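Undergrad: In terms of numbering that gives the first Met the number 0, the sequence shown has 258 at position 259, counting the first letter as 1, and numbering is strictly consecutive.
By construction, these hints were calculated from the structure, which means they are not laboratory data. You can take every hint at face value.
Listed next, the in silico DSSO-like pairs over lysine-lysine satisfying Cα-Cα at most 30 Å (straight line):
#1 K76 with K228
#2 K25 with K72
#3 K130 with K142
#4 K72 with K141
#5 K25 with K207
#6 K72 with K6
#7 K207 with K72
#8 K76 with K207
#9 K141 with K131
#10 K207 with K6
#11 K76 with K141
Each pair of labels, with its calculated beta carbon distance range:
#12 K25 with L178: 17 to 27 Å
#13 G12 with R111: 38 to 48 Å
#14 R107 with K207: 34 to 44 Å
#15 A231 with P18: 48 to 58 Å
#16 R138 with R111: 14 to 24 Å
#17 R227 with E114: 20 to 30 Å
#18 L178 with E114: 23 to 33 Å
#19 A124 with L178: 35 to 45 Å
#20 Q229 with L136: 44 to 54 Å
Quick caveat, the model's predicted, so the values are computed rather than measured. Built from N, CA and C at the ideal position, the CB exists for glycine as well.
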Amino acid sequence: MQNVTVKELIDSGVHFGCPVSRWNPKMRPFIWGRRNLIHIMDLRETLRGLIRAQNFLMHVAADGHQILWVGTKRQVKGVIRNAGERTGMPIVTERWIGGTLTNFSVIRSRLRRLEELEQLDENGAMQELPKKMQSNLRRERKKIERNLSGIREMTSIPGAVVIVDPAREHNAVREARRLGVPLVGILDTDCDPSLVDIVIPGNDDALKSVRVLIESLASAVEEGCQNRKQVAIEGPGKGDQQGGDEPRPTRGNRPPPAGARRRQTVHALPGLPGSATEEEIGVTPEEVASADLPIKRDETPAE
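Take these sequences, add in the hints, and give me the full structure.
TA: This is how it looks when you write it as structure tokens:
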């Protein structure tokens, strides 16, 4: 599992937030101070959230569940694609299609349609059709590939969703919350942390910042997949849990009304330890204060 240091976070610009005029007051616990009307995030909270997310995703991958990577910003698409290729997990880098999770059966039917169109093109049957029909079919195939090719290998609802900027990907957040899928989010200071299960406060606009965080999470997923393969080869150990391939229990047969539904806390998620200590995150308040952070400490992040 890849460990990230405070210096790497600073060099990548993870600590830079949004202008103070755009901040979300719910992000106050994750803000260290401000400089030139720009909020600066507390890197201790970033490391703490990163370790929680790594441990959780490693357990999800080890249990055999898929993890969906979501990031449609232009500057982060490449990072999400690399994470998907590296871990063999589904991704969404184009527009989020409504019903990707909540209407998954229809999404799978569109992917089957894509397979039919590819088969027509491969066996030469498309060449026998009128040119106008060929053009329409190729246009349909191109559209499906652009929107759904990233989730082509997703055969069921994922075990977790990793989202860059939940404020932008609000449709994905809404569908995941409706189905009770755990959410791991990289949040800037303009986001609502109550919408995700594991908060990683960080700059979600800069390429270097997103890359260092996503690569750390991808390394944890890789380790979980390797652990699963190792257990499959050697057989379950004495302390290993049985039935890892069985479906996870649902949170209820019917979801309660939206207003009455309370989100599951991060400590209640399966396979996730409690709050990370200063020894676990490898940094103390004094080390953060002595680091070369170009900030002025502000106990009241916004006026």
